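Based on the sequences and whatever the hints tell you, model everything.
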Amino acid sequence: MTLVRILDLVGVGVFAVSGTLAAGRKRLDPVGVGVIAVVTALGGGTIRDLLMRRPIFWLTDTAYLITIFVASALTILYVRYRRPPERELEIADALGLALFAMTGSQIAETAQLPALMVVVIAVITCTFGGLLRDVLCNEVPFILGRGHFYATAVIAGSICYLILQRLGIPRIYASFSGMAVVASLRIAAIYWNLTLPVFDLERHRNRP
Amino acid sequence: MTLVRILDLVGVGVFAVSGTLAAGRKRLDPVGVGVIAVVTALGGGTIRDLLMRRPIFWLTDTAYLITIFVASALTILYVRYRRPPERELEIADALGLALFAMTGSQIAETAQLPALMVVVIAVITCTFGGLLRDVLCNEVPFILGRGHFYATAVIAGSICYLILQRLGIPRIYASFSGMAVVASLRIAAIYWNLTLPVFDLERHRNRP
Amino acid sequence: MTLVRILDLVGVGVFAVSGTLAAGRKRLDPVGVGVIAVVTALGGGTIRDLLMRRPIFWLTDTAYLITIFVASALTILYVRYRRPPERELEIADALGLALFAMTGSQIAETAQLPALMVVVIAVITCTFGGLLRDVLCNEVPFILGRGHFYATAVIAGSICYLILQRLGIPRIYASFSGMAVVASLRIAAIYWNLTLPVFDLERHRNRP
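Protein chains in written order, with the UniProt record's numbering: chain V, 1 to 208; chain W, 1 to 208; chain A, 1 to 208.
Because the hints were derived from the structure by calculation, they are not lab data.
It should be emphasised that the depicted structure is a prediction, and the values quoted were computed from it without experimental measurement.
Be careful, since some hints might not be right.
[Claimed, not checked] Which bits of chain V does chain A cover? Going by a derived footprint, with three or more residues having C-beta under 8 Å, they are:
id: 1; region: 7–15
id: 2; region: 23–34
id: 3; region: 107–119
id: 4; region: 188–198
Idealized CB from N, CA, C, for every residue including glycine.
Spelled out as structure tokens, the structure:
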């Protein structure tokens, strides 16, 4: 098992924890918890694969689902005794985000999509799982309005990765730089509570 | 027309009735009723086919859509004069669920997916139509929290079907046993109002 | 660049404006605005392509995304100074609807789908973008209940297009007639505030 595969599964597990906690806030039963955990962890990659390629990455590789179910069960056990460590989970989530931003970008590159699509596919890979989680929990998706640079960090990291490669930097270093951009931007936004300004149609009510 | 095809269309019709009634609770117009009925009846199989195979099963076979529109129109007429027979509809829905659990499992088997995926595909086939119905009606999906063993019955039936085959039982008997498990578990849960315990994050509020 | 391509991009831009305004009503950040604008403008065609064909039409052609981002940015700028011209936007949307009803129908015809599916694919192409927009904004989709003949106009136009072709009218004239039906029905419904009667399950509460 390579390092990338281990990190990939760890990232999926972290996303599954976030899904499990969201399900717990909605008082779902174990099946509901499982569905939300799976959708959160695999939804983004699934939509990417539906748009771009076959087969869907998790269909023939049971390691993904097993990781999710184990992560979800451990989360349910853990919160019986302790509060979930929210700050630490956000950091772990940021690292998963950084990894998936690069794997998403590279899958789009492999399919020889134009640069704009590489960024779009990275965003879909990283954020559409959480988007589906919030839709299933009947809430306006977190990433759309209160996201603390969630998708923005992915966009910045993916653009950085593309530019560095154009400048002749080898892909492996460009990847690490892209990941650093995603993780540091996201973690900075969490610590300093940074958000983008919202577009509010009502604010301009007195226009002619 | 074989027995399986007749049962398949009857099952689709029953799911369309459930979609039509959900649309009626939201005061939708005829187009809205049609969309919800189609999504409820075909949504699960469509997502399964998107994940696994082409073509989408209902695209080249108009019998599915015609069945849905007829079932939906009859439902609208019926409820002008009488209350919908809720208990009988739930029983019919349980039988449809049992059938689709087995057809979903078998489609995944045909694609030579691992056993875990056979169960997952059965759950997607059976429950994601109702999930999409509830998302379109702007509600937390029924199957995730108040589902009375809806997805659970599918999981149990699909596992039973797989185990019996491993034990050397012919597929046809394994299928009937799996269907019996799904239907009886679901009907028992309805009659005795059985639910799984929910995972409630707030309950553990005083943890350290 | 042919006339059809220009019209296609203009139609996509109009749908992006409608998505941007919906995002502004929900107070989303720029990333959220971009996601909603893209989903509104490309969602219907994407679901059509997922169901029927590869590749997804916008993945290899950056003109669509660039049009959407420009239309969305211009909308955000515009509403700082003036109220959005709602009636004019609805007319532009009706013209886009008419165009997409015909392109959707023709893509289904090219795939040699039966006539019923041609109409269904036209409806999916035209309305599922708005459906996804409303789901992401956590509302019951506009087209399902308060749609002022939105999907209905598409159905009528697509049927008109099919019938005229059966009668031996050349495809180009059948297309223009179908577009005229969609646009005029939709614009008439807006001006005279026409809606279809809703199916209301509660109205019949006193049934036996």
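Hints, verified against the model:
1. 7–15: violated (count 0)
2. 23–34: violated (count 0)
3. 107–119: holds (count 4)
4. 188–198: The restraint on the region 188–198 of chain V holds, since 4 of its residues have a Cβ under 8 Å from chain A and three suffice.
Comparing the model with each earlier hint shows violations of hints 1 and 2; every other hint is respected.
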